[in-house]
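Read off the chains here:
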Amino acid sequence: MLMTFPQMGHVEQLIGDILERLDIDYMPPPRTTAKTLALGTKHAPEFSCLPLKLNIGNFIEAMEAGADTLLMAGGKGPCRFGYYAELEGRVLRDAGYDFTMVTIEPPSMGIAKFVRPIKRISGKSTRQIWRALKEGFPKARGFDMLEKRVLETRCFELKLGETTKAHKEAMATLVKAKTPAEVEGAIEAGMRLIDAVPCDREQPVLKIGIVGEFFILLEPFVNFDIEEWLGNRGVLVSRSVYITDWIGPTSKNPVAGTSDAELTELARPYLGHFVGGEGVPSVAHTMLYANEGFDGVVHMFPFTCMPDTIAKAIIPRVSRDYDIPVIHFTIDEQTGKAGVVTRLEAFVDLLVSRRRAKRAVNG
Amino acid sequence: MQGFLGVDVGSVSTNLAMLDADGGVISYVYLRTQGQPIMAVQQGLMELEAKLDGSVDVIGVGTTGSARYLTSVVVGGDIVKNEITAHAVAAGHVVPGVRVVLEIGGQDSKIIFLRDGIVVDFAMNTVCAAGTGSFLDHQSARLGIPIEDFGRYALGAEKGALIAGRCSVFAESDMVHKQQVGYKLEEIIYGLCQALVRNYLNNLAKGRDLAGPIAFQGGVAANAGMKKAFEEAINQEVQVPEHFSVMGAIGAALLAKEEKLLEPGPSAFKGFGAAKIDYRTSSFACGGCENNCEIIKIVVDDETLARWGGRCGKWEVDIIRRQHLEPIGADCSKCG
Numbered sequence: 079m080l081m082t083f084p085q086m087g088h089v090e091q092l093i094g095d096i097l098e099r100l101d102i103d104y105m106p107p108p109r110t111t112a113k114t115l116a117l118g119t120k121h122a123p124e125f126s127c128l129p130l131k132l133n134i135g136n137f138i139e140a141m142e143a144g145a146d147t148l149l150m151a152g153g154k155g156p157c158r159f160g161y162y163a164e165l166e167g168r169v170l171r172d173a174g175y176d177f178t179m180v181t182i183e184p185p186s187m188g189i190a191k192f193v194r195p196i197k198r199i200s201g202k203s204t205r206q207i208w209r210a211l212k213e214g215f216p217k218a219r220g221f222d223m224l225e226k227r228v229l230e231t232r233c234f235e236l237k238l239g240e241t242t243k244a245h246k247e248a249m250a251t252l253v254k255a256k257t258p259a260e261v262e263g264a265i266e267a268g269m270r271l272i273d274a275v276p277c278d279r280e281q282p283v284l285k286i287g288i289v290g291e292f293f294i295l296l297e298p299f300v301n302f303d304i305e306e307w308l309g310n311r312g313v314l315v316s317r318s319v320y321i322t323d324w325i326g327p328t329s330k331n332p333v334a335g336t337s338d339a340e341l342t343e344l345a346r347p348y349l350g351h352f353v354g355g356e357g358v359p360s361v362a363h364t365m366l367y368a369n370e371g372f373d374g375v376v377h378m379f380p381f382t383c384m385p386d387t388i389a390k391a392i393i394p395r396v397s398r399d400y401d402i403p404v405i406h407f408t409i410d411e412q413t414g415k416a417g418v419v420t421r422l423e424a425f426v427d428l429l430v431s432r433r434r435a436k437r438a439v440n441g
Numbered sequence: 470m471q472g473f474l475g476v477d478v479g480s481v482s483t484n485l486a487m488l489d490a491d492g493g494v495i496s497y498v499y500l501r502t503q504g505q506p507i508m509a510v511q512q513g514l515m516e517l518e519a520k521l522d523g524s525v526d527v528i529g530v531g532t533t534g535s536a537r538y539l540t541s542v543v544v545g546g547d548i549v550k551n552e553i554t555a556h557a558v559a560a561g562h563v564v565p566g567v568r569v570v571l572e573i574g575g576q577d578s579k580i581i582f583l584r585d586g587i588v589v590d591f592a593m594n595t596v597c598a599a600g601t602g603s604f605l606d607h608q609s610a611r612l613g614i615p616i617e618d619f620g621r622y623a624l625g626a627e628k629g630a631l632i633a634g635r636c637s638v639f640a641e642s643d644m645v646h647k648q649q650v651g652y653k654l655e656e657i658i659y660g661l662c663q664a665l666v667r668n669y670l671n672n673l674a675k676g677r678d679l680a681g682p683i684a685f686q687g688g689v690a691a692n693a694g695m696k697k698a699f700e701e702a703i704n705q706e707v708q709v710p711e712h713f714s715v716m717g718a719i720g721a722a723l724l725a726k727e728e729k730l731l732e733p734g735p736s737a738f739k740g741f742g743a744a745k746i747d748y749r750t751s752s753f754a755c756g757g758c759e760n761n762c763e764i765i766k767i768v769v770d771d772e773t774l775a776r777w778g779g780r781c782g783k784w785e786v787d788i789i790r791r792q793h794l795e796p797i798g799a800d801c802s803k804c805g
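Protein sequences appear in the order of chains A and B.
Letter by letter, the first sequence follows residues 79 to 441 in this note's numbering.
Letter by letter, the second sequence follows residues 470 to 805 in this note's numbering.
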């Protein structure tokens with residue numbers, strides 16, 4: 079058996095680590111490229127969202143390289159993601175591929191549904207699985223924490239690209255760490271490495287929060303490397319979604335700093351019920367960024383994404399009430415960066431002139 | 470006389486504007502890009518040089534439009550700005566107190582909202598051809614009426630024929646149908662203007678408050694039928710600035726003027742002689758990672774002036790910069 083899984087941000091390092099702890103042979107798909115997208119759009123239903131198309135593309139590329147077992151997350155709620163494992167399996171079988179599909183449901187749907195498939199493929203006991211997850215999770219959190227620190231550093235760097243370089247080095251060290259002590263040490267060393275990037279932290283910077291659907295936010299291939307693009311232009315970026323927050327929405331210590339319960343409560347005046355995906359969090363995070371004095375918010379989501387389409391209809395009211403500019407990007411198969419860049423440049427200009435005007439008034 | 474040059478290279482038209490130190494238009498050139506931005510810019514430089522006849526010393530250059538980075542390399546730009554900001558700056562300069570800018574170009578359309586001279590909101594449509602100049606061009610060719618005469622025909626109609634405006638395919642089939650049942654050409658052309666306006670307002674304005682003063686600019690503003698259709702639809706006066714077709718270039722020149730205030734120094738302008746330089750472009754696959762990006766480079770005499778096209782920025786030269794967050798002219802040491 080050779081297991082594979084879809085690509086998304088640094089999920090490759092995260093899942094790879096857990097699978098190694100469970101002694102499962104695996105092979106990540108090649109990084110997502112235009113070829114992945116072409117394969118995905120060829121086989122996926124036309125109106126499905128971009129994440130499904132890329133998942134299918136990833137699976138095909140991995141199977142062509144020898145993988146035979148596909149690992150996919152399940153889910154519940156109005157977002158279509160919950161049935162993507164099932165749908166992807168059917169699409170790929172129709173396309174003539176032969177494989178075993180392993181679907182892991184979130185623990186909130188019952189711990190048995192979560193553990194049983196892992197037991198079956200790994201042959202490990204519940205206790206062994208528990209231990210692998212318990213030891214792997216802090217490492218997964220470490221990847222997220224490094225990313226967050228990078229976003230807060232890049233806008234101040236004196237030499238372009240130094241933060242990205244430090245990040246790569248920090249990631250490489252953390253990937254190798256296994257024991258709890260090694261993981262802790264690697265995270266600390268990584269943080270030190272990023273903090274050591276020569277910076278001018280005194281210079282004023284624009285602050286932009288990024289909200290929206292988690293796959294788009296986490297996968298640089300589809301979001302046009304927006305975090306790096308903004309950071310390179312001296313913008314401090316805050317991302318509202320991190321993988322470990324998404325895996326453990328009830329975590330008491332979320333990387334992004336807010337729990338799902340807090341977000342639900344905050345968004346209530348605008349959106350009082352669960353709409354799936356990041357619908358409620360997108361609204362709530364826009365409010366949070368306004369409260370925290372951010373200059374603006376970028377909202378990104380896949381074309382045909384129902385939860386964030388609802389958020390998109392509500393956010394203009396939040397934007398008006400809280401006096402914070404928001405720009406929306408609906409992401410589909412387009413790979414040309416120019417349209418996004420033109421709008422982002424204009425958005426940054428808008429924020430710069432607002433800041434100047436405020437400065438002129440307040441002195 | 471000292472002057473600021475603005476160059477706006479879009480998909481359909483290439484415009485150059487020369488402004489004096491007070492922002493007044495000295496001269497301008499409007500050409501078709503015809504898919505060859507470098508040639509269009511060089512042609513524009515030659516025409517502008519002939520018009521100015523050596524009377525202007527260029528002390529700042531700004532470029533905008535979808536070919537703004539390429540253009541900046543060709544002419545030697547001091548600042549590269551997106552067309553949304555450029556149009557807003559130009560409208561703010563030309564139309565006092567402007568609050569809404571309606572801009573319809575060849576392949577995109579924008580709406581920009583300003584308060585006290587500051588852009589507060591904008592929307593841009595590039596996905597849909599219905600509602601842009603290219604569609605009008607296509608229809609003028611199909612009807613055999615020069616695009617310049619479209620406005621006159623439209624104003625000749627008492628009322629417009631009802632044409633579906635959501636999509637250029639629907640619009641065209643509707644127009645054909647209305648022609649075949651005997652509507653007058655004038656009514657069809659004005660109906661088309663009304664459909665474009667409806668499409669524009671639905672896709673871009675989306676119910677936002679359209680309080681005047683309103684400026685209408687971009688190549689399509691030449692069409693008096695469009696102006697009339699806008700005024701009917703939003704029940705307000707719409708102003709078409711004198712130099713409506715080159716507002717992007719005017720904005721780029723104004724931004725160059727601002728840039729020279731922020732960063733004084735000699736201009737990067739290569740002179741009108743840039744029209745004679747043999748710029749060549751070529752491309753290669755990077756191969757540095759699995760993305761295998763296609764990198765475009767622009768070369769003069771074996772010297773590479775610029776490269777772009779990669780996802781990661783490793784080939785990009787000098788596009789990245791910091792933001793000026795202080796009010797212009799303020800003493801930054803005090804602001805901290």
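Heads up, a few of these hints could be off.
Some chain B residues judged to face chain A by a derived CB distance under 10 Å, without partners named [unchecked claim]: (1) Gly586; (2) Phe591; (3) Leu631; (4) Tyr652; (5) His793; (6) Leu794.
Note that these hints are calculated values from the structure, not bench results.
Ideal Cβ placement from N, Cα and C applies to all residues, glycine included.
Status of each hint after checking the structure:
1. Gly586: Status holds, d = 8 Å.
2. Phe591: It holds, given that the least Cβ distance between Phe591/B and chain A is near 6 Å, below 10 Å.
3. Leu631: violated (29 Å)
4. Tyr652: violated (36 Å)
5. His793: Nearest chain A Cβ about 7 Å off; hint holds.
6. Leu794: holds (5 Å)
In this structure, the earlier hints numbered 3 and 4 are contradicted, and the remaining ones agree with it.
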